[in-house]
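Asker: Taken in sequence, the protein lines are chains A and B.
In this text, residue positions in the first sequence follow full-length UniProt numbering: the first is 1, and each later residue adds one.
In this text, residue positions in the second sequence follow full-length UniProt numbering: the first is 1, and each later residue adds one.
Among the hints, erroneous ones may be present.
With the C-beta cut set under 7 Å, the calculated list includes, among others, these residues of chain A facing chain B [as the list claims (entries may be wrong)]:
1) 82
2) 85
3) 103
4) 125
5) 235
6) 268
7) 271
8) 294
Some chain B residues flagged as far from chain A (calculated, every beta-carbon gap over 12 Å) [said to hold, decoys possible]:
9) 32
10) 188
11) 251
Hints listed in this document are in silico derivations from the structure and should not be mistaken for laboratory results.
We put the beta carbon where it would ideally sit given N, CA and C, even for glycine.
Number of protein chains: 2
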Amino acid sequence: MSITLEALVRRPTIKDVAERAQVSLKTVSRVINDEPGVQARTRERVQQAIAELGYQPDPSARSLRSAQPYALGLVYDNPNPYYVIAVQAGVLSVCRETGYGLQIHPCDSSSPTLAAELIDLVQHSRLAGLVLAPPMSERNELVTELVAHGIRLVRIVSSAADPQDGSACVYVDDRDAAYEITEHLIQLGHTRIGFLWGGKSHGSSWERYKGYEDALHEYGIRLDPALVVEGDYSFDDGFRGARRLLALTDRPTAIFGSNDEIAAGVLAAAKSSGMNVPYDLSIAGFEDSPFSKQSWPALTTAKQATQEIAQHAARRLLQEIREQAPRKPLPNEGFSPELVVRGSTAPPRPKA
Amino acid sequence: MSITLEALVRRPTIKDVAERAQVSLKTVSRVINDEPGVQARTRERVQQAIAELGYQPDPSARSLRSAQPYALGLVYDNPNPYYVIAVQAGVLSVCRETGYGLQIHPCDSSSPTLAAELIDLVQHSRLAGLVLAPPMSERNELVTELVAHGIRLVRIVSSAADPQDGSACVYVDDRDAAYEITEHLIQLGHTRIGFLWGGKSHGSSWERYKGYEDALHEYGIRLDPALVVEGDYSFDDGFRGARRLLALTDRPTAIFGSNDEIAAGVLAAAKSSGMNVPYDLSIAGFEDSPFSKQSWPALTTAKQATQEIAQHAARRLLQEIREQAPRKPLPNEGFSPELVVRGSTAPPRPKA
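Only chain A is shown next, with the shape it has when bound in the complex (with noise of 0.2 Å):
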């Protein structure tokens, strides 16, 4: 967070602006807006000391009095209501601190027209900027688009690193994490881990794969194609996946979804099979939802702070924003989502 308290040292306040002019803060603040009751000669040392420092206002400070609204514009894509909320709920704390507005705009990711679509709804509701939730946001040539149109973003994307490519963004390592998980089936004895994906056009279904393969690989086990199966981010793909998982003749003993939503799935294929989970099967998700600790059993899960992930990123973005001139790209951050062990996991039964 060093970066927000560099930014506010670099950049002269309002407070900066009174002591310079000899004035209070809210007649500086009448002068930035405007507003009656402030006499000619101290309009004039207030501008002049305007001018002196550089001085610029805070957009989300100058829109609480005037007339010009201010709002950011969070585009997402996603089925999952656990965790559109809690984007939400963290681009939200951060307007509400700076004074901003927070249009919503679900959209069909794999619309053609989407880049218009996003530069209209951004020229229609004068919006300061945008936080694009995956899969949007890992469409770089709409990301170029949107730039291009002068439009100032912030994506959230899954990478282990930061992907040094000028954009502002928020990363995930999921890779690590699905890594984890998959390490902790291992651990417990399973050697036959089923694998459902999420959906292609997520960057993150991709990396959890990856993490997923990479743990097989450092463990010695054979990765068995027949245990993986394609799906989305859903109950019903999982529901689905499992149920052809589980009618193989060399079943597989665990079972790791990509999201909460597939583990959902999975878990309702176990118990409508008659299973007992955890002994006839193990299973894991990931991020955390709000399921994953009301299922019976509660899923093992990656805890994905998907809220604070949305809550940096709108931070970021007001960086954006408020960095006018031209300059050295700002650094981005990243988080790992941690694994979380509940009752969902436990070692396999013996062979007979």
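Given the coordinates of chain A, assemble chain B onto it according to the supplied hints.
Answerer: Frame of chain A; chain B shown alone:
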């Protein structure tokens, strides 16, 4: 929906203007939006037609062109992500049809400064109007204060009939649906039916309780206060309430949770006690949330068309926004949730 058609018929449209002025729609649109490319004489003719017809441009259509942005605000305080996402989706669908943006405003319904907060929100973000979800929609003094400040709003309320208090609302007959759920349990043979309350700040909680009470009364079953537990619309309160009821010597054979989150808590409590649902315990919820379809067994519930209700609320709000002159109140619309029977309810085990 006949009122919408009537409203359209009553109000002159851009087409009427074009016909009267004998120009194209595009020309009328150019005049309205002060765009170039219209001869002075034509412009005058269009302006005259507008004046004669008393035509008022639709703010949504105008906003697509003009500098003035329009957005609606959605105000809610609900711990249930499925409900919130469905309400957002309903309001958003109407926003998209009409060119409005949507700002979301989750809030603390018990805050003493809520009225000031919402007035500030509307003014600061220049919102055209507010959709108030429960329980804010049911706080009369709050609604009165907002209306007194000239804020256009629509309320979603729990009521068996149009409250006919001059306010714009969509009303949902929770009492009737709760009656049907209780009746379903009685007809299966249950007489010991537990009831878990939702939060008492919600009108829907009271209506659902009354439906339960009415059905027991109608079927001559004594209401045992030991079987009624207060709580909030949350999983945790469902879990706690069910644990309490299941510990009774003469425990209930069925539990009606006031929403699906509560019922999910009951299901977890029953499973954690080693019970077989529905044979050891029948469980019913309310809402038809995705969880109710995904749980094992799936939940008997009342299908509340939340998205459609929110859609109607947004349409009703647009009527309010467009209707500028003093007028007779427009009729409100009502919804009745429907009983959906799934695997979580069955006849009680015969007494040993």
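Asker: Each hint should be assessed against the structure and marked as holding or not.
Answerer: Comparing the hints with the structure gives:
1. Because the closest C-beta pair between residue 82 (chain A) and chain B is about 5 Å apart, less than 7 Å, the hint holds.
2. With its C-beta approaching chain B no nearer than about 4 Å, residue 85 (chain A) sits inside the 7 Å limit, and its interface hint holds.
3. Hint status for residue 103 (chain A): holds, given a least beta-carbon distance of 5 Å to chain B, under 7 Å.
4. Because the beta carbon of residue 125 (chain A) sits about 4 Å from the nearest beta carbon in chain B, less than 7 Å, this interface hint is met.
5. Given hint, residue 235 (chain A) at the interface with chain B, holds; its Cβ is 5 Å from that chain's nearest Cβ, closer than 7 Å.
6. The interface hint given for residue 268 (chain A) is met, as the beta carbon of that residue sits about 5 Å from the closest beta carbon of chain B, less than 7 Å.
7. At its closest, the beta carbon of residue 271 (chain A) sits 4 Å from a beta carbon of chain B; the interface hint therefore holds under the 7 Å criterion.
8. Interface restraint check: residue 294 (chain A) against chain B, minimum CB-CB distance 5 Å, threshold 7 Å, status holds.
9. Distance to chain A confirms residue 32 (chain B) as a non-interface residue, since its nearest Cβ pair spans about 17 Å, more than 12 Å.
10. Even its closest Cβ contact with chain A, about 23 Å, leaves residue 188 (chain B) beyond 12 Å, as expected for a residue assigned away from the interface.
11. At roughly 19 Å, the least C-beta separation between residue 251 (chain B) and chain A is larger than 12 Å, which holds for a residue marked as non-interface.
Every hint, counting from the list given before, is met by this structure.
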